[in-house]
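Each protein sequence line maps, in turn, to chains C and W.
Here the first sequence is numbered in the working numbering, starting from -6 and rising by one per residue.
Here the second sequence is numbered in the working numbering, starting from 7 and rising by one per residue.
Simulated from the structure, these hints should not be mistaken for laboratory data.
Remember, it's a predicted structure, so these values are computed and weren't measured experimentally.
Note that beta-carbon positions come from the ideal geometry of N, C-alpha and C, so glycine has one too.
Honestly, I wouldn't trust all of these hints.
[Unchecked claim] Straight-line distance between alpha carbons at most 30 Å, and here's what the computed BS3-like set of lysine-lysine pairs gives:
1. W:Lys107 with W:Lys291
2. C:Lys60 with W:Lys291
3. C:Lys180 with W:Lys9
[Claimed, not checked] So, partial list: chain C residues that the calculated Cβ filter (under 8 Å) puts toward chain W:
4. Ile23
5. Pro105
6. Met108
7. Phe110
8. Leu118
9. Val132
10. Gly135
11. Met138
12. Phe147
13. Leu253
14. Ala254
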Amino acid sequence: MAQHSQGMVLKQGWGLWLTHVFMVAGVLIIFFPIWLAFVASTVTQADIVAPPMPVLPGAHFWENYTKALFAGVNVPVATMLINSLVMAVGIAVGKIVISLLSAFAIVYFRFPGRMFFFWTIFLTLMLPVEVRIVPTFEVVAGFGMLNSYYGLIFPLIASATATFLFRQFFMTIPDELAEAARVDGAKPMRFFIDIVVPMSRTNIAALFVILFIYGWNQYLWPLLITTEPEMNTIVMGIKQMFPSGDDTADWPVIMATSILAMIPPIIIVVSMQKLFVRGLLDSEK
Amino acid sequence: MEKRVTFRGWLLPILLIAPQIVISLIFFFYPAAQAVWQSLFIPDPFGLSARFVGLGNFEFLLSDPFYRASFFTTALFSILVTAFAMVPALFLAVLADRLIKGSSVYRTMLIWPYAVAPAIAGVLWLFMFNTRVGLASWYLGQFGYDWNHVLNGGEAMGLVVLASAWGRISYNFLFFFAALQAVPRSVIEAAAIDGAHFWRRFFTIVLPLISPTTFFLLVVNVVYAFFETFGIIHTITAGGPQQSTTILVYKVFADGFVGQDLGSSSAQSVILLFVVGLLTVIQFKYIEKRVHY
Chain C
-6 MAQHSQGMVL KQGWGLWLTH VFMVAGVLII FFPIWLAFVA STVTQADIVA PPMPVLPGAH
54 FWENYTKALF AGVNVPVATM LINSLVMAVG IAVGKIVISL LSAFAIVYFR FPGRMFFFWT
114 IFLTLMLPVE VRIVPTFEVV AGFGMLNSYY GLIFPLIASA TATFLFRQFF MTIPDELAEA
174 ARVDGAKPMR FFIDIVVPMS RTNIAALFVI LFIYGWNQYL WPLLITTEPE MNTIVMGIKQ
234 MFPSGDDTAD WPVIMATSIL AMIPPIIIVV SMQKLFVRGL LDSEK
Chain W
7 MEKRVTFRGW LLPILLIAPQ IVISLIFFFY PAAQAVWQSL FIPDPFGLSA RFVGLGNFEF
67 LLSDPFYRAS FFTTALFSIL VTAFAMVPAL FLAVLADRLI KGSSVYRTML IWPYAVAPAI
127 AGVLWLFMFN TRVGLASWYL GQFGYDWNHV LNGGEAMGLV VLASAWGRIS YNFLFFFAAL
187 QAVPRSVIEA AAIDGAHFWR RFFTIVLPLI SPTTFFLLVV NVVYAFFETF GIIHTITAGG
247 PQQSTTILVY KVFADGFVGQ DLGSSSAQSV ILLFVVGLLT VIQFKYIEKR VHY
């Protein structure tokens, strides 16, 4: 059917070429900032401070990246990468685990306060960290969690979105399965581990992609609670690499760090594209 | 919608839901309550005691020209970001939708910016428009335009808008593309047979059919501009020059953390809570409609 309608609805000939030309132009424009950062990470400081800077990569790739990774400005970028990885994985796994558990409780049990708990979770949607900056900082400081992985992870792992997503999915699991489990005398947790979790694995994977990027790209929260450079994450640590005052920034090293900060999320998004798009479209419904 | 088959017992489900609830109470509800409480007081300069002022902080804020300017800045910023993030995304999605071959290649290329953190996007754009070494500012200089976002508020706003919209194009593109793919071909073919050319079909048939996605993206992009662009503003302008890029969220941070003005910062948090609440209600009202659509 698509065959004979092509001529009318889809472009052919000149129109098709024009569509490709616009598309390529759009992609190039959107790509350019990343390309320029990559170029800057392969040339010397002298190349950059005498504008216009080159637009093709230079020969100093290893030099700049080694310097960034193992020396850095305040702290080696390798340390910041590890911090970011711990934080991103911690947030993604934490959100998924506690959301699976609470969605299971809400869907498969009737217990006092069930609706109250449901609305409590729902209301967290209306309390993003950006609007309760100071008091949340005070709570975390009170627990002695400044400059720690706990402080980076715990305040961010409540997730109404993930809970609702799992709830929605659990509703589609046939009742017969729970019925059969009950008849067999299986405990609820057996049913959860043997049936519910394995059935949810595509949803879990899709959500992991989205949540990993969410955790990796956090900025404000690590900025507030990591005052020691050793605990900086890479996304917030870059800003700290700019000198205060009139000194010139070490652009090749800073841009190498920017590229390093982009690589993990880009690899995940591109390699798991199908899951990512699905997770994105689902989590916003 | 409820399950017919459920398990018995009340202790187990409460234990299961406990981690989520405990974290929400400690890190969400308690701090939010604190913000409401602190917004009613003015602490003395040494932080030893606080004086109850009722709604005094709010009265002061609403009459403060800087705060009112910040409201206006936020409105302008979010309108511009939403427009610059949605229009190019829709244009690219329409193009991709017309291709049979190659659209998945373009899609792969276009989703890259989504993975780039707002703060990193800020660094990339700051680098291109840096007043001393930036390639873009150098070329502008060649054309006789003296770019200086450090001193010029309008240019600073333009730069944070560009950086914020850039990172968002991928997201909008994916949603528009999915919506366009879902438009029934038969409807478009029928219009084509009736002689409607491409743009006529687009404005009279396609655009109305994808309007649920468009409205959804409008709300989501406004939420993004309000709450998720902190990293961009902090890296590029730090709210300056002369507060010309200080959006509401940035002001909560600047007054509370940098300025240590707790009463005012808390009152601003409370006002923002109302804004988020309003946006969430709009989002859910609308999504309910979309389900019936």
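We went through each hint and held it up to the structure:
| no. | hint | in the structure |
| --- | --- | --- |
| 1 | W:Lys107 with W:Lys291 | violated (38 Å) |
| 2 | C:Lys60 with W:Lys291 | violated (52 Å) |
| 3 | C:Lys180 with W:Lys9 | holds (18 Å) |
| 4 | Ile23 | holds (6 Å) |
| 5 | Pro105 | holds (6 Å) |
| 6 | Met108 | violated (11 Å) |
| 7 | Phe110 | holds (5 Å) |
| 8 | Leu118 | holds (6 Å) |
| 9 | Val132 | holds (6 Å) |
| 10 | Gly135 | violated (10 Å) |
| 11 | Met138 | violated (10 Å) |
| 12 | Phe147 | holds (7 Å) |
| 13 | Leu253 | violated (10 Å) |
| 14 | Ala254 | holds (5 Å) |
The structure shown violates the earlier hints numbered 1, 2, 6, 10, 11 and 13.
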